[in-house]
Amino acid sequence: MKTYLISLFSPDGPPPAEVDLGRIMADLEVVNAEIRAAGSWVFAGGLADQASATTIRRSDNVADAVLTDGPFIEAKEHLGGLTVVRSDDYDVVLGWAERIAGATGLPVEVRPFVDQDDPGQVPTDR
Amino acid sequence: MTVTSADIARVFRAEHGRAVSVLIRALGDIDLAEDAVQDAFTVAVERWPRDGMPPSPAGWIITTARRRAIDRLRRESTREARQAESVALHAADPVDPADGRDEEGPVKDERLRLVFTCCHPALSREAQVALTLRLLGGLTTAEIAHAYLVPEPTMAQRIVRAKSKIRTAGIPYRVPRDEDLPARLASVLSVLYLVFTEGHTASVGDDLDRPDLAAEAIRLARQLVELMPDEPEAVGLLALMLLTQARRPARTDAVGDLVLLADQDRSLWDPTLLAEGHALVRACLRRNAPGPYQLQAAINAVHTDATDAAHTDWSQVVALYDQLLGLAPTDVVRLNRAVAVAELDGPDVALGLLDGLDLTAYAPFHVVRAELLERLGRRAESTTAWERAAQLSDNAAQARHLRARAAAADEGQQDPGRAT
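Chains as they are written, first to last, in full-length UniProt numbering: chain V, 1 to 126; chain B, 1 to 420.
Chain V extracted, bound-state conformation:
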């Protein structure tokens, strides 16, 4: 069983007027329901606007962390939402990712978490 991050990349700013958010959410819910039914559900959620992000840097020779208003990487597209699934079938995960991309019209990335055999970086349940 592997854990995968399916991440969604959104362009900056509010969605264009022609985007039917209600429809997109409904389509995503269908995929989510399928992921749950397959027993693969871990977590999913959308992120608030990247202007709401705060970047924190900490170095040893400064007492306090330095906080910066804004995202770590300034870009036209940013991480807009993520779904974490657990599955032993990569092709099925790719299929879900394809449907998330289809529902949102946005590029989607699938990336495995470090494997169970690598201590320390394994995603934990709770």
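Think of the hints as simulated: they come from the structure by calculation, not from any bench. Worth double-checking, as some hints may not be accurate.
[Unchecked claim] Calculated lysine to aspartate or glutamate pairs in the EDC-like style (CA-CA distance at most 20 Å, straight line):
# : chain 1 : residue 1 : chain 2 : residue 2
1 : B       : Lys163    : V       : Glu18
2 : B       : Lys163    : V       : Asp12
3 : B       : Lys165    : V       : Asp115
4 : B       : Lys165    : V       : Asp89
Keeping the supplied structure of chain V fixed, place chain B upon it in accordance with the hints.
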């Protein structure tokens, strides 16, 4: 009969895919399987010249490789981590209890799983090609690097990264589900065709073709047809390769320059390959499930049926291109159709068909335009088109041919007597 090292090398090429695929299934790890097969061949090099070739060389290699791998695993406890990964590879291959398809289905040969793993769409096309040649074709990294004119470390790195992605992402080792099969098979076919075309017309470099890759692609396509005899597109691809390969002796002249189809000495075509290609085209078209490779093969079959260019059944060629356009509506297909239309309806009609094609960076587009303009007596424009084609060609032999045509058209222009 004495067994030479050339014999063993031949067995290595021929049986590498089968042996590695069986071992991957047994061991669950590609590197481990490759090492084991390599070990087995090392033993073969010692034993076969002394004891003779075993009755089933592939079976001998697989058994020996399996034993060697088990020995190695016992010796090296640090390999436990890899064994854990092997469990992951097995787990990625669940038996569907609903229909037991995985056990009873079309999967009779492990090589088929390997084909689909090597050509998985989550791998880059370059990685797919390299893995296919390495694991299924039994080519060494050095051979693949040479064929693609890249430094060996670059190719080694590409292969290591691809294998690492298979392991890390969990790319499954199995034949895709029925609903995914058409798209995934298309990916396999285009990998093989890419290897073939790379061998047929080397896109970079001085030799017009590097024979190894075309021959390897044909060998791999034969394997695929053997593994999936009911896939007409796989048969179509093999037929297309054979019919193209058959004409190869006539494609270059004595100094290595390109000779176009219409000017080729057809007695140089390989009759054995032609006969096989024609038979395959007939067999797959009978299934009445035409696809792009079958149609391209059929077009090649019409061309190679004619005793010379003038006797080609051009209306049949145009009809096949129309059918191909229905499945693959691309400008390259429109361009090729225009070539056939020129023979049927004249160069002026064909030239009209080129307007609006978005192919100005594609050398063959300018070759076709140059030919048509030349036939219409518009020599100044023709010269420009030949020159443009030569600029766009990366292949030295091809560029040489195109510049010669440009010069000839230019000369014709200065000699009004030759204008048509």
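How the hints compare with the structure:
The hinted pair formed by Lys163 (chain B) and Glu18 (chain V) fails the criterion: a straight-line CA distance of about 43 Å is larger than 20 Å. For the hint linking Lys163 (chain B) to Asp12 (chain V), the alpha-carbon distance of about 36 Å lies beyond 20 Å, and the restraint is violated. Distance check on the hinted pair: Lys165 (chain B) and Asp115 (chain V) sit about 12 Å apart at the alpha-carbon level, within 20 Å; holds. Only pairs whose Cα atoms come within 20 Å are accepted, and Lys165 (chain B) paired with Asp89 (chain V) is accepted, the gap being roughly 15 Å.
In terms of the numbered hints stated before, the structure departs from hints 1, 2, listed from lowest to highest.
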